[in-house]
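Residue numbers (this note's numbering), protein chains in the order written: chain A, 591 to 827; chain B, 591 to 827.
Calculated directly from the structure, the hints in this document are not laboratory data.
The structure displayed is predicted, hence computed values, not measured ones.
Among these hints, one or two may not hold up.
Note: identical chains are not told apart, hence a pair may lie in one copy or across any two.
[Said to hold, decoys possible] Below, a list of computed lysine-lysine pairs in the PhoX-like style, where the Cα atoms sit at most 25 Å apart:
| # | residue 1 | residue 2 |
| --- | --- | --- |
| 1 | Lys771 | Lys761 |
| 2 | Lys601 | Lys712 |
| 3 | Lys702 | Lys616 |
| 4 | Lys724 | Lys761 |
| 5 | Lys679 | Lys626 |
| 6 | Lys794 | Lys602 |
| 7 | Lys724 | Lys758 |
| 8 | Lys771 | Lys718 |
| 9 | Lys679 | Lys717 |
| 10 | Lys718 | Lys794 |
Protein chains: 2
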Amino acid sequence: MARLNSFYLNKKNWQSPYQLDEEESKHFIKVLRGKKGEVIRLFDGYGKEGLFKVQDISKKRVLLEPLSITQHPEPENKIKVALAWQRAKNRDFILEKCVELKCWEIIFWPAKYSPPFTQEIKESWLKKIINAGKQCQNPWLPQIKILNSLEELTNSNSEYQKLFFWEKEEKNLLTKISLEKNILIVIGPEGGFAEQESTYLKQKGFTSVSLGSSTLRLETAMLIGIGYIYLFLESST
Amino acid sequence: MARLNSFYLNKKNWQSPYQLDEEESKHFIKVLRGKKGEVIRLFDGYGKEGLFKVQDISKKRVLLEPLSITQHPEPENKIKVALAWQRAKNRDFILEKCVELKCWEIIFWPAKYSPPFTQEIKESWLKKIINAGKQCQNPWLPQIKILNSLEELTNSNSEYQKLFFWEKEEKNLLTKISLEKNILIVIGPEGGFAEQESTYLKQKGFTSVSLGSSTLRLETAMLIGIGYIYLFLESST
Numbered sequence: 591m592a593r594l595n596s597f598y599l600n601k602k603n604w605q606s607p608y609q610l611d612e613e614e615s616k617h618f619i620k621v622l623r624g625k626k627g628e629v630i631r632l633f634d635g636y637g638k639e640g641l642f643k644v645q646d647i648s649k650k651r652v653l654l655e656p657l658s659i660t661q662h663p664e665p666e667n668k669i670k671v672a673l674a675w676q677r678a679k680n681r682d683f684i685l686e687k688c689v690e691l692k693c694w695e696i697i698f699w700p701a702k703y704s705p706p707f708t709q710e711i712k713e714s715w716l717k718k719i720i721n722a723g724k725q726c727q728n729p730w731l732p733q734i735k736i737l738n739s740l741e742e743l744t745n746s747n748s749e750y751q752k753l754f755f756w757e758k759e760e761k762n763l764l765t766k767i768s769l770e771k772n773i774l775i776v777i778g779p780e781g782g783f784a785e786q787e788s789t790y791l792k793q794k795g796f797t798s799v800s801l802g803s804s805t806l807r808l809e810t811a812m813l814i815g816i817g818y819i820y821l822f823l824e825s826s827t
Numbered sequence: 591m592a593r594l595n596s597f598y599l600n601k602k603n604w605q606s607p608y609q610l611d612e613e614e615s616k617h618f619i620k621v622l623r624g625k626k627g628e629v630i631r632l633f634d635g636y637g638k639e640g641l642f643k644v645q646d647i648s649k650k651r652v653l654l655e656p657l658s659i660t661q662h663p664e665p666e667n668k669i670k671v672a673l674a675w676q677r678a679k680n681r682d683f684i685l686e687k688c689v690e691l692k693c694w695e696i697i698f699w700p701a702k703y704s705p706p707f708t709q710e711i712k713e714s715w716l717k718k719i720i721n722a723g724k725q726c727q728n729p730w731l732p733q734i735k736i737l738n739s740l741e742e743l744t745n746s747n748s749e750y751q752k753l754f755f756w757e758k759e760e761k762n763l764l765t766k767i768s769l770e771k772n773i774l775i776v777i778g779p780e781g782g783f784a785e786q787e788s789t790y791l792k793q794k795g796f797t798s799v800s801l802g803s804s805t806l807r808l809e810t811a812m813l814i815g816i817g818y819i820y821l822f823l824e825s826s827t
């Protein structure tokens with residue numbers, strides 16, 4: 591079967607009569623030139639996924655008839671990624687890859703060597719996440735959190751295995767540690783962690799792991815590190 | 591010690607009197623505003639690396655005095671990446687990441703679902719590779735090869751462990767196989783392998799491995815797959 595087109599429906603609008611919101615309707619009608627009778631995939635980002643048949647199309651609305659709806663359970667294994675605040679140019683890439691690799695939560699925190707910090711979760715980030723979710727077909731989308739400090743991060747998440755990528759560590763992710771089921775991984779800014787930050791993380795029980803001898807760009811480090819954890823969790827379910 | 595600025599010097603020009611070529615000289619003088627007496631790092635992409643002191647600067651030439659030169663041995667473990675020919679928009683990213691992850695060879699081959707194929711290795715690709723090499727400080731740069739068919743690929747490389755990422759495989763890279771020291775990994779085009787291609791690879795002794803249940807974009811698949819192999823090889827040296 592060819593892959594069905596995916597559409598996002600906000601959790602609070604997931605109810606009868608089912609219909610696509612204005613933007614998704616426009617996309618269905620104008621971009622995809624969708625027709626009455628077509629079957630589409632709908633998801634809410636909270637594990638709900640369903641097949642729907644297009645019942646009626648009006649100018650800004652696509653009315654849907656549910657064929658089957660599934661509520662996927664919360665995944666048993668979770669990855670939380672705590673990224674030091676970074677330059678905007680990498681943000682879309684980071685958000686997209688976290689969705690593809692099934693991250694449960696994306697946390698931004700202000701590191702000493704971060705560029706100026708913002709507290710606001712932008713609408714465009716959520717759109718990026720939704721679009722990535724359509725592409726990779728994960729029914730769960732990551733939540734975004736913004737924290738004020740590293741302390742806030744370390745004082746919660748007690749049931750998570752705690753790691754951080756550190757260029758001064760010698761042993762790499764594969765050698766140093768055996769992964770558990772729920773993992774919180776802290777990633778520093780482009781300039782690396784300040785000494786007080788790495789010391790603090792270690793005091794709080796975080797294990798430092800290296801990503802090998804190459805000097806990796808931030809997005810490469812993030813992607814191969816989380817990628818390995820994703821592959822590990824996928825292989826153990 | 592702060593990281594030294596890196597410059598590339600072609601293998602055939604790596605001889606006394608040492609000097610930067612015109613482009614690198616311009617970069618040193620105009621962009622970095624380098625000065626006489628400064629120490630820089632030079633590499634040739636074939637394992638040669640050295641520290642040099644700037645002896646003299648003229649308009650288009652930077653004359654260098656060697657302080658120390660090292661010839662790094664060929665790495666014991668090698669990764670060859672055979673990528674189906676892909677859209678140009680991903681090419682720079684792919685080349686850069688292969689350098690960061692210390693790939694030994696980047697091979698392009700024309701898959702059935704590839705866009706129109708070109709036989710020409712572009713000057714801009716080599717520049718991208720050199721720039722990535724400056725960033726990640728690997729003394730070896732990958733070679734680029736263009737093959738006419740999958741047959742050419744399978745008929746050589748006998749001493750390499752042969753893998754391909756395949757979305758129809760159930761077991762993932764971590765579960766299915768234990769990695770050896772030299773690895774050739776084949777990556778399909780965005781549309782996936784044609785059936786005759788995957789069948790052919792299996793006949794030729796290639797092992798298919800999955801990258802988990804998420805539908806990954808080509809660049810994500812490439813990066814997390816090669817990333818794991820890179821981490822593995824780094825952990826075993």
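Practice task
Compare the structure with the hints numbered earlier in the document and write down the numbers of the violated ones, lowest to highest.
Solution key: 3, 5, 6, 8, 10
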